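Start from chain A and add chain B according to the hints.
Number of protein chains: 2
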Amino acid sequence: MSNKLTTRNENYSNWYNELVVRADLAEHSEVRGCMVIKPHGYSVWEKMQRALDDMFKATGHQNAYFPLFIPKSYFSKEASHVAGFAKECAVVTHYRLKNDSETGEIVVDEDAKLEEELIVRPTSETIIWNTYKGWIQSYRDLPILVNQWCNVVRWEMRTRLFLRTSEFLWQEGHTAHATRAEAIEEAEKMLEVYATFAEEWLAIPVVKGVKSPAERFAGALETYCIEALMQDGKALQAGTSHFLGQNFAKAFDVTFVNKEGKEEMVWATSWGVSTRLMGALIMTHSDDNGLVLPPKLAPIQVAIVPIYRQLEQLEQIREKVMPFVESLRKKGISVKFDDDDNRKPGWKFAEYEMKGVPVRLAIGPRDLENNTVEVARRDTLEKNMVSFDDVEATVEQLMIDIQQNLYDKALKHRTENTREVNSWEEFTEVLKTKGGFISAHWDGTAETEEVIKQKTKATVRCIPLDAPEEEGKCVFTGKPSSRRVLFAKAY
Amino acid sequence: MSNKLTTRNENYSNWYNELVVRADLAEHSEVRGCMVIKPHGYSVWEKMQRALDDMFKATGHQNAYFPLFIPKSYFSKEASHVAGFAKECAVVTHYRLKNDSETGEIVVDEDAKLEEELIVRPTSETIIWNTYKGWIQSYRDLPILVNQWCNVVRWEMRTRLFLRTSEFLWQEGHTAHATRAEAIEEAEKMLEVYATFAEEWLAIPVVKGVKSPAERFAGALETYCIEALMQDGKALQAGTSHFLGQNFAKAFDVTFVNKEGKEEMVWATSWGVSTRLMGALIMTHSDDNGLVLPPKLAPIQVAIVPIYRQLEQLEQIREKVMPFVESLRKKGISVKFDDDDNRKPGWKFAEYEMKGVPVRLAIGPRDLENNTVEVARRDTLEKNMVSFDDVEATVEQLMIDIQQNLYDKALKHRTENTREVNSWEEFTEVLKTKGGFISAHWDGTAETEEVIKQKTKATVRCIPLDAPEEEGKCVFTGKPSSRRVLFAKAY
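Protein chains in written order, with our numbering: chain A, 417 to 907; chain B, 417 to 907.
Chain A extracted, bound-state conformation (with noise of 0.2 Å):
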């Protein structure tokens, strides 16, 4: 813990991913692109786990779980879906190892080679669709409601840590409809669940809107995003909802009798986020000291520091602070009292700092002497002396506080950095110099946004579902245009 980590303003991307490591969160394995999520950075995964499933229940949702290996030739029967997927991915063609006659090494047996290739699931569109075919027969058995937690594969040339990588953690919901207008409801119903959740419990505020058709996920005919700003101005896409139409019902012959007796294919949805939210929280928030988090997502909220020279008076401070201890764990705050006499306080300091511990206090024989308490708190890296009869409700504050801090700031340094541009020249001036996002008048044609994008290397983020219709000309060609969207650079 001596050594500093490159600051944000030195180099962004260094400062990022020296803080995954440092901060214990995550680190690269020896298998190419595939992480390692370690223990603190897979407890902040799991709060944010339980907070969406919870939300998932709430809207009537169910979990299940589907097979990790996909028949390769599932892949041609959405022909959009397959030219989206299909390529970039792992492959598996046999099912056993041998010691070579020979050398004696493993090799693989050349005699256990599949008939048909499997795919390990980039996605489960194709796989779950041609489970509910069995599934759905009559009007009675839709709608399905069902989400999986689980890991897929999409094989990266050049990867980072949560943000990008071979291997990651996501859900994946996938809902069944008889209608069109319900399955869209429900595409809807889930952005607003995951906008709630950035909002609420990353402390990350998010603009709502759709991908333009060119960013739309393969197979859909709508994809719902939301999209976050990190510190450095670029944008990252913190979950995306789709409507799919009948396309996957059509690719794997699902349908259904209607309440007149009718048949007719059924609507879908699907929707996910993963463990790039991991990238998106630690980008958003965290400092030059390493990692801030949200209390609502932090596995320690709280850490006690007792400062002593002899065990008798780390005894007495215990003493003094256990009660206080029991009653914030009674109240769900979780407590670390660091009593590691294998460690200097200095020491602890820094390692809570780099942690993102919300809240971290110190105690020492003068502070039992005058009934007080050092609290200092990771978002501000502010310090006061509180009276120790005062110091639970203090804490109890800053857990409201310092979420709310923290989405405030985030809000305020979104606000500053959302520019409207009228002008080319503004548009590749601002993107140059400052970043952030964009809001500036587009054709609609998948060709300005090409040659936007070839030009400047900034996307449409996404059309937000709250823009006012405005006339205007597109920025680049000068067409009209009945509505501004969003263009960034993007993780």
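Worth flagging that the hints you see were computed from the coordinates, not collected in a lab. Please read these numbers as outputs of a predicted model, since none were measured by experiment. Do not take every clue at face value.
Since the list gives no way to pick one copy over another, a pair counts as held whenever it fits inside one copy or between any two copies.
To be verified - Restricting the straight-line Cα-Cα distance to at most 20 Å, the calculated cross-link-like pairs of lysine to any residue (SDA-like) are:
1. Lys752 / Asp470
2. Lys752 / Gln732
3. Lys420 / Gln587
4. Lys752 / Ile560
5. Lys420 / Gly649
6. Lys549 / Arg438
7. Lys675 / Asn786
8. Lys873 / Glu604
9. Lys675 / Asn758
10. Lys463 / Gln564
Relative to the frame of chain A, chain B by itself:
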């Protein structure tokens, strides 16, 4: 729901296969050996996970996540491990598909061949110990108490839902310790956790023991296990905890500097239970009418079926029961008031019986007049008329009674089907006519174990931890033996 299940007496194996599908727990996918766990089955698994995870955390463990893929060469590093594991497995050889330039079909891109094949993890000791190498330098870094919830793949030719599938879900704990004694203590502690979980949650009595050397986990010095007895007299291994000695530390060169500044090899354990427990749960308690679930693991604990002709009657029933429903829910009891107007009461009764709902209530217009409700318990199939004023207390008590009754019944079955046997004639006779656990003397050699297995299909299930010392003669060879062991045919 019109057709009856095959009965256990007719064909136990068919009964099981039909029940798993009819109770909506799981089904075979089109991917060889891989199952789909349906929402009802998955919600039971989730309850198991939650209970176990709480127990792991209460004993100081944290969760983490390690890669799905393991480089082939890792398996060669621990000699006995590779012999046990690396053979029947899914091998990833390529990382890209492409459209064939002639046919247009999707084919494996031969240009995208991996330099070293990747194995889909059959268990994670190798990759985890390769990772621990970077985490452990000093005694201060020990112990490491980590668990992982994940999917694993072991290629199987003959599969059965939950009991033996190529892909299954499990947890695998992997701990690292400074001393041999501490590692053994950990392995024994986790066996206790498993035994407590099996008895208190699954309501399955288990025998705690150690495996014979021939049945040990590949790479272990000692394998602790819990063994359960199914209704058909076959045993099922319900969980294992391994003392791995320094084998993996040696294989992956994991050392630490002790307090005296001397370098030492690290000591290891691993322990796991899987979705196989679902099979144990089903086979221990269920009957010819369908699934029977212990209340602690039932997704729906109480189902209420209103009996009515007119919707007005339904509303009267709803008004009567909703305060009671709310009151039960506040007590943490999950209740479903089934007002589905598309299904008749008889259909609902059969459905809840098949799905294992512990308590079913029925209430109709006459009950409203008489202030009564019909209470049916799934375990005994008893029905009683109860005053509505007493029904809440009755239901609460049934949650406890049914849990206890299932355990007692299973324990009685095991006790009645555990037989001391003192001759080879008796041994083969009991196996042929009765099955169950056979408590017999064995000379302790792998040769005798193997011959007995070849002749009878029975194996040494375990050497019970509480087996008293007793002079005796091996049931097969007549050589001296110092304690009885448990034999059985097993799943």
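Results for each hint:
Proximity of Lys752 to Asp470 under the C-alpha cut-off of 20 Å is restricted to the inter-copy arrangement: shortest distance 18 Å between copies versus 26 Å within a copy. In the homo-oligomer, the alpha carbons of Lys752 and Gln732 lie at most 20 Å apart inside one protomer (17 Å), although the nearest pairing across protomers, at 53 Å, exceeds that limit. For a Cα distance limit of 20 Å, the shortest separation of Lys420 from Gln587 qualifies neither inside one copy, at 35 Å, nor across copies, at 37 Å. In this assembly of identical chains, Lys752 and Ile560 lie within 20 Å of each other by CA distance solely across copies; the values are 18 Å between and 43 Å within a copy.
In this assembly of identical chains, the alpha carbons of Lys420 and Gly649 never lie at most 20 Å apart, being 23 Å within a copy and 64 Å across copies at closest. In this assembly of identical chains, the alpha carbons of Lys549 and Arg438 lie at most 20 Å apart only when taken from different copies (17 Å versus 48 Å within one copy). Taking CA atoms no more than 20 Å apart as the test, Lys675 paired with Asn786 passes in neither setting, with 76 Å inside one copy and 38 Å between copies. Proximity of Lys873 and Glu604 under a CA criterion of 20 Å is satisfied in neither setting, with 29 Å inside one chain copy and 58 Å between copies.
For a Cα distance limit of 20 Å, the shortest separation of Lys675 from Asn758 across copies, 11 Å, qualifies, whereas the shortest one inside one copy, 71 Å, does not. Proximity of Lys463 to Gln564 under the C-alpha cut-off of 20 Å is found in both arrangements, the shortest distances being 17 Å within a copy and 15 Å between copies.
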